[in-house]
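Each chain, letter by letter, is given below.
Number of protein chains: 6
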Amino acid sequence: MRPSKRAADELRAVTLERSVSKHAEGSCLVKFGDTHVLCTASLEERVPPWLRGQQRGWVTAEYGMLPRATGDRMRREASVGKQSGRTQEIQRLIGRSLRAVVDLEALGECQISVDCDVIQADGGTRTAAITGAWVALRDCIEWMRAREMVKKQVLKDHIAAISCGIYNGTPVLDLDYAEDSNAQTDSNFVMTGSGGIVEIQGTAEGAPFSEEEFGQLLGLAKTGIGRLVDLQKMSIS
Amino acid sequence: MRPSKRAADELRAVTLERSVSKHAEGSCLVKFGDTHVLCTASLEERVPPWLRGQQRGWVTAEYGMLPRATGDRMRREASVGKQSGRTQEIQRLIGRSLRAVVDLEALGECQISVDCDVIQADGGTRTAAITGAWVALRDCIEWMRAREMVKKQVLKDHIAAISCGIYNGTPVLDLDYAEDSNAQTDSNFVMTGSGGIVEIQGTAEGAPFSEEEFGQLLGLAKTGIGRLVDLQKMSIS
Amino acid sequence: MRPSKRAADELRAVTLERSVSKHAEGSCLVKFGDTHVLCTASLEERVPPWLRGQQRGWVTAEYGMLPRATGDRMRREASVGKQSGRTQEIQRLIGRSLRAVVDLEALGECQISVDCDVIQADGGTRTAAITGAWVALRDCIEWMRAREMVKKQVLKDHIAAISCGIYNGTPVLDLDYAEDSNAQTDSNFVMTGSGGIVEIQGTAEGAPFSEEEFGQLLGLAKTGIGRLVDLQKMSIS
Amino acid sequence: MRPSKRAADELRAVTLERSVSKHAEGSCLVKFGDTHVLCTASLEERVPPWLRGQQRGWVTAEYGMLPRATGDRMRREASVGKQSGRTQEIQRLIGRSLRAVVDLEALGECQISVDCDVIQADGGTRTAAITGAWVALRDCIEWMRAREMVKKQVLKDHIAAISCGIYNGTPVLDLDYAEDSNAQTDSNFVMTGSGGIVEIQGTAEGAPFSEEEFGQLLGLAKTGIGRLVDLQKMSIS
Amino acid sequence: MRPSKRAADELRAVTLERSVSKHAEGSCLVKFGDTHVLCTASLEERVPPWLRGQQRGWVTAEYGMLPRATGDRMRREASVGKQSGRTQEIQRLIGRSLRAVVDLEALGECQISVDCDVIQADGGTRTAAITGAWVALRDCIEWMRAREMVKKQVLKDHIAAISCGIYNGTPVLDLDYAEDSNAQTDSNFVMTGSGGIVEIQGTAEGAPFSEEEFGQLLGLAKTGIGRLVDLQKMSIS
Amino acid sequence: MRPSKRAADELRAVTLERSVSKHAEGSCLVKFGDTHVLCTASLEERVPPWLRGQQRGWVTAEYGMLPRATGDRMRREASVGKQSGRTQEIQRLIGRSLRAVVDLEALGECQISVDCDVIQADGGTRTAAITGAWVALRDCIEWMRAREMVKKQVLKDHIAAISCGIYNGTPVLDLDYAEDSNAQTDSNFVMTGSGGIVEIQGTAEGAPFSEEEFGQLLGLAKTGIGRLVDLQKMSIS
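Protein chains in written order, with the working numbering: chain A, 19 to 255; chain B, 19 to 255; chain C, 19 to 255; chain D, 19 to 255; chain E, 19 to 255; chain F, 19 to 255.
These aren't lab readings, by the way, just hints derived from the structure by calculation.
There's no promise every hint is true.
The list treats identical chains as one, so a pair stands whether inside a single copy or across any two.
[Claimed, not checked] Think about it this way: if two alpha-carbon atoms lie no more than 25 Å apart in a straight line, the pair counts; the simulated DMTMM-like pairs of lysine to aspartate or glutamate are:
{"no.": "1", "residue 1": "K170", "residue 2": "E223"}
{"no.": "2", "residue 1": "K100", "residue 2": "D90"}
{"no.": "3", "residue 1": "K100", "residue 2": "E62"}
{"no.": "4", "residue 1": "K174", "residue 2": "E230"}
{"no.": "5", "residue 1": "K100", "residue 2": "D121"}
{"no.": "6", "residue 1": "K49", "residue 2": "E229"}
{"no.": "7", "residue 1": "K23", "residue 2": "D175"}
{"no.": "8", "residue 1": "K174", "residue 2": "E223"}
{"no.": "9", "residue 1": "K174", "residue 2": "E229"}
{"no.": "10", "residue 1": "K40", "residue 2": "D52"}
{"no.": "11", "residue 1": "K40", "residue 2": "D90"}
{"no.": "12", "residue 1": "K240", "residue 2": "E230"}
{"no.": "13", "residue 1": "K174", "residue 2": "E123"}
{"no.": "14", "residue 1": "K40", "residue 2": "E28"}
{"no.": "15", "residue 1": "K240", "residue 2": "E229"}
{"no.": "16", "residue 1": "K174", "residue 2": "E231"}
{"no.": "17", "residue 1": "K23", "residue 2": "E127"}
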């Protein structure tokens, strides 16, 4: 039995609220249960120095957490003076995931920066962030299309992410904090709307896991991501 | 005529929503029109080193802004590696303002950290932050009282803040961004519920201002803060 | 009775010694009693990036304190690796104050950097710095005029600053350290030679203050700044 | 055909040279072809603050690269002033991988820090580092055992790592730089001597990959890691 | 002919003004011509962590330069966020030089921090700093002796420093900036009152120098330091 | 008797192994006994900003130490976030020493960066680094010559370095760590192949030293550097 009473393959209540920012070209407040992440997509005219003059754009992501998003207050990274290794690892993951479904040439010489800020955390912040970031990114591209700044298809597919893990010996989908902190195995999957795998990260927290177990987690992830992509489609329709 | 059509002494729509955080001991989402600040009060058992063993507590504040809270995306301070002078100035102001109404001995040897994070900015973020921070701080102290961690009266009074300025030659209350960026004079007032002045900051952006003009701004501030304190009282009743 | 035996409206002995630096285009060693600040104005040909190509100049200020300027040795900010919030707050104040009396278009596309370094501190370092910085800035502009680098009137007025506070229940002018560390209310005023207000900062250290008390402090400040402007005039005549 | 003429499931020439450091308690110079990593294990008596007094030890890892380990000289991280996101991601991975086979209670209250410094890079530095780090760690623990600092079994198993990827449409084992920079999919596997999976990281560099392709990569990895564990066994026998 | 018309073995006008700081336990404003350095010695009760409990004291030094001490304004190190290599090299030299004449056991478990801040620079700042720092240090120790904080002889000897160089082919003493920036060879010597050598630093700026030339520089240095020690004696008598 | 049984004027076993890096234009692994330093010379097309457009090149050096190069593990500078004063002092010395024998105009508008990384330390790392760096630099220049990137003579002479010290009252050559940590006087000499002096650094660790003692150290250094230059010649022949 999961602490949340969910079935093994049951997502938390997921909502995707668009246009939550007065300023951003695209924005989405994504909730996976009590995990709430504000995603904003900002169009910037400059591209990174190494990309200049190549007629291609770039999509990048930054990730942050409010100090009291968590059970214990964490020190503010701006005050510490640097981003933790965990933060950098997550924002690199989000950026790679989004770029996997963007045609950077069709985007043209500009950069879209997607900020994913965790307002409240209850496990799975990186997967919620990727799922919501896609919506913000999509709306930013539509904003550009409305102004004829892009002509061709820029977004090639959906992208969404979910965590899976082995909790009390059972593979389960979409771990919340209570499960995550006790899971034997923790894994994150990022997949496209058409089922292609973009990122797999699996970590044994305690005992190593077997190939068979990993196959079960991957199976759960496919189910979960399918549902998330459906929710993305509903949110923009 | 103000861009927002408000009367010279008219506040923006102000709301104070409590208990918006699953984790924090006290929290308040404060809105002054399109300026939205999430305030969380976190109880910490440690006090600053210089205060140890003195049977007194401390209240401190940190301030941050999400990168796309503003019209143009700003660089994330955690990524830059330091907090700007403006950020530090504001969080020092919030901390001083809150401490002015707290009996630190009655609080006992612990620290309350109030985080004020600007989700969306449209002028007046520091005054909204102070006004909302008081509510979060109050709920944190009530949380402690319910657990018999404090016995005596800790909060001595309300504290709230408002900006005033001279816009198009007219003294006006509660400047939004459109006014703030064009005001000749910008000032912030922090006052208690009983009308005592805790902080005054006045800056001539263009031409210096006269003593008479400053008196008019102070008059507006008294009116505005009176209304904010009423709203605080309603929010906690 | 004040610790220094001064009357409530009496400044400390103030001196403004010009041309104390072999290298700087303008310089002034300002003393407010035992508070000694070395102000140097440096002409630099570059302007900040955001001002390039606009035919306008810029005046900026930096503030520092020698480690043993104070009663206890403080850690050197260059060694700590960053400037404190207090330092940044003060140098922003000095810069804004000076710019309030400078015609930046008449200055032309260059920057004057005014460094205010506290050699010895006994309270009121920021007000002494502003008062002396005006003299250094003025001499730098005269240096430019002698070389025909500026033609029009660049300095529009004098600028000077003074602190006031409520000490033992009495409003007093120009607090030294002994008074400052025991004052109920601490305020700083920056005004022009013609009596216009440029900056007001008032802080209740203990109990909030009333509008009437603040009016008394402002009255003292006007008297004090009038005298400081007279001393500036004498120093450059 | 692979640039190196290797078969799809063929490792590069791998060597594990022990006791290469005069000072370290355990050390290993590991070579995967032209990728050379110096691993040193240092016994330290202190543990991280959050572990004090718990009768348990800790194993941590740091990763670095000499500036000219690569084809183009990279800026030295000590000179830049911070470690890149990539560096932090890798050293977190190495530390987690090693801890997966260590009985931290049997280690006792001390810390082993394993430094993995890339002397020369040609792809696969993180997998070489993990494979060599195990040897250095093992020798450090034997050093402790010889001094009766540990009594029980501390190392529970071997740990080794290898990369796999899809190069020119074919799944291949142990990518060198020429392959890595052109692979469609890049993945790293960390497994124990008994075949348990500890870490899986798979990233689509271009097109997403399928579940079937991922299964092929995992199969290759199992073969490769089996061989690496055999080499570890030979090196310490 | 030297730019300053001095003879080859002639020092600039040197003055050592004591007790220039209201706060420091010992202080000296040293001038070598237009090079002015403020030296303050601060007694601190704490010693560095690695020295605790050893009944011995420590003497350390920090060096700084005001931004406009030089012909062109330099960036403030506190604003840059770190001390330059040159600054660190000089403050390490000053510290070592002072410790060479201090009996650290006789000092007892405390630390004296000597700050050397260059108010105005015209070459030879490090040698002026060492020469003045000795006077500040001596007065700090006398301050302690007057309070019976030290009993035994703490200062074992005088210490002073001077630069020498080869200018236009001629060995000269005490280079000012005009000479220093054109010298073929630049060297600094630190010696005790009894003629012992504590530090020698010689650098060929252009062509290497010969053993004979170096002998001439050393000879000049001995003369110059003898005079500086005489001046120190006069200043404290 | 020296701990290593060497005669007073005897170097440790010195080897200079060239072409140890697959990537660098020039490289040398230098060993002075148990002190091992990897020197790589990297050709970079950019020059420092202040040198642009002057048809001259630049040679710079960086120095680092692996964390467990020493008896106790040191904190990694990249992790601390800055280079120590010692590191900066040494890399400035290496750079100056190399530039003393390079014709920067003949090099043309490019920069050679020489990285000296201490793999294992046993005293004398800076002198080994300089001696090996010359070989790496020389091979980098030959690499350029083979590609007709330089035409004229760029290297004007050999450069090598050695330490000397007074150990148990006797002047000795090439101190290892056991001697270095107990020497009364520590000095480093950098000289050219033709015997010119480029750098002299002498420090009294305990009692000051006399002019005569310093002469003896210089004599030893000349002998030692002569042998090092012979070894350099053999290594490149």
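Checked hints:
no., hint, verdict
1, K170 to E223, "between (44 Å within a copy, 22 Å between copies)"
2, K100 to D90, "both (20 Å within a copy, 23 Å between copies)"
3, K100 to E62, "both (24 Å within a copy, 22 Å between copies)"
4, K174 to E230, "between (32 Å within a copy, 22 Å between copies)"
5, K100 to D121, "neither (32 Å within a copy, 32 Å between copies)"
6, K49 to E229, "neither (32 Å within a copy, 28 Å between copies)"
7, K23 to D175, "neither (33 Å within a copy, 36 Å between copies)"
8, K174 to E223, "between (35 Å within a copy, 15 Å between copies)"
9, K174 to E229, "between (31 Å within a copy, 20 Å between copies)"
10, K40 to D52, "both (24 Å within a copy, 8 Å between copies)"
11, K40 to D90, "between (31 Å within a copy, 11 Å between copies)"
12, K240 to E230, "both (16 Å within a copy, 13 Å between copies)"
13, K174 to E123, "within (12 Å within a copy, 50 Å between copies)"
14, K40 to E28, "between (34 Å within a copy, 22 Å between copies)"
15, K240 to E229, "both (17 Å within a copy, 10 Å between copies)"
16, K174 to E231, "between (31 Å within a copy, 21 Å between copies)"
17, K23 to E127, "neither (48 Å within a copy, 39 Å between copies)"
In terms of the numbered hints stated before, the structure departs from hints 5, 6, 7 and 17, listed from lowest to highest.
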